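Asks: Chains as they are written, first to last, in my numbering: chain A, 1 to 55; chain X, 1001 to 1150; chain W, 2001 to 2238.
Hints in this document: simulated from the structure, not taken from any laboratory.
Keep in mind the model is a prediction, meaning the values are calculated, not measured.
Please note: incorrect hints may appear among the correct ones.
[As the list claims (entries may be wrong)] BS3-like mimics (lysine-lysine), calculated; alpha carbons at most 25 Å apart, straight line:
(1) A/Lys40 / W/Lys2014
(2) A/Lys38 / W/Lys2172
(3) W/Lys2014 / X/Lys1052
(4) W/Lys2172 / W/Lys2114
(5) W/Lys2230 / A/Lys44
(6) A/Lys44 / W/Lys2017
(7) A/Lys32 / W/Lys2235
(8) A/Lys32 / A/Lys44
(9) W/Lys2114 / A/Lys12
(10) X/Lys1052 / X/Lys1078
(11) W/Lys2017 / X/Lys1002
(12) X/Lys1075 / X/Lys1138
(13) X/Lys1138 / X/Lys1115
(14) W/Lys2017 / A/Lys41
(15) X/Lys1004 / W/Lys2114
(16) W/Lys2014 / X/Lys1006
(17) X/Lys1138 / X/Lys1061
(18) A/Lys51 / W/Lys2114
(19) W/Lys2017 / A/Lys38
(20) W/Lys2114 / A/Lys44
(21) A/Lys50 / W/Lys2011
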Amino acid sequence: MENFLTFLNSDKYITYVCSSYLICFFGLLFLKISSHIKEKKAIKEYTDIKKKYES
Amino acid sequence: MKAKNKRLVLITSLLATFFLGCILLFLNLRENLIYFYSPTEINESKTSKTEKIRVGGMVSKGSVKRELIMRDNEKLEKINFEITDFENSVQVNYIGILPDLFKEEQGVVVEGIFKNQIFLASKVLAKHDENYMPPEIKKMQLLKDNNDGS
Amino acid sequence: MNFFNLSSPNKFQKFSKRIYPWVSYGSVMFLFIGLFFSFFKSPPDYLQGESVRIMYIHVPAAWLSLQIYVVMAICSFVSLVYKHSLADIISRSCAPIGATYTFITLITGSIWGKPTWGTWWVWDARLTSELILFFIYIGHMIVSNSYEDYRKGDKNAAILTLVGIVNLPIIKWSVDWWNTLHQPASIMKLDSPSIDSEMLTPLFFMAISFFLIFLSIMLTRISTEIIVRKIEIIKSNF
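Just chain A, with the same shape it has in the complex:
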């Protein structure tokens, strides 16, 4: 806790540290979400195409 408080008071470094953590997590989150969207789309296309060719 003490370390965290000294970190919060270090006004000079806090922007550097926070921006790098934010860029990192938004980058990974974006990749994760876009991968899931792609998977959903592929599953939908697969079920559609299966129906189309089976009938």
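Following the hints, complete the assembly by docking chains X and W onto the known chain A.
Replies: Just chains X and W, lined up with the frame of chain A:
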């Protein structure tokens, strides 16, 4: 031979040749990829002394001298210090803002040109070493070193 | 569970569905443990001060950027020699993740460099070779998607990956071979690590978390790619 084994031999030998070539090329180019020179290399004049070069080493203890000068109605700080690799050293002159980590007995890399045996730096970069530790432990280490020394 | 069966895409799909939740929740759990240690437990560095906290994401991301490339290189070799479709699929799924981790490495390193070195970027051997790695990942993504026939894309991307391995030892040992502004390795060296244990713990948890995040995204992308290929097969059969 099966097609699969043929491909295995072909690809492995192609890769081996390619990497051997790369290693040879690399050994020849190695010298050109140096980011900075040490004061000893400067002394042995491995480099031309008129071009813009980079020199790296430790800031000698007690060598940093700061003075304020006026230029274009602006107050600027002029810093004099010595870079050493514990064999040879280079005198450096720099006008501008130093990085926070610039300290005596810490690594720096300076970029600039030589003029009359003095290195006029246009850029000073602090070099960090591979040691990471909390301040208290560093203090304890320093104390221990001092005790051992005396 | 027979692991040799995993090479069949359908069996892999089933296996991946089963482990996916564990990997996903595990990655989030370790991420929070890692964040807790890096912000609450870790002291500032004696020299860098608070910006040492950037290292806890920079170093694991850098490790993964190299590890993912090793995975891709092995898969490319297997795909070229044995024409195994799963190897191509893994390689294709890994490239964007590797590119993201390399990007994170470059950006966080740059943000760390500003307060520490006094510059955002220098063209020293370590930084330049890591940037080349980023371009190889991007190149892999472009090459593997730029052919009408995906098999052709896979093949050319695999060749590109194998050629690009040259860059890996350069990244790893650039700090020892040349005078670089970047500091030499602290953990992956023969004698004991030169990082204090209080700073090693967050690094360790973050590394596990980043690895699990990589696995979970890879599993999603692999299953997507398997479905896409099934669609291609159905289309070509009619």
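Asks: Which of the numbered hints are not met once you compare them with the structure shown?
Replies: Result: hints 2, 3, 7, 11, 12, 13, 15, 16, 18, 20 break, sorted rising.
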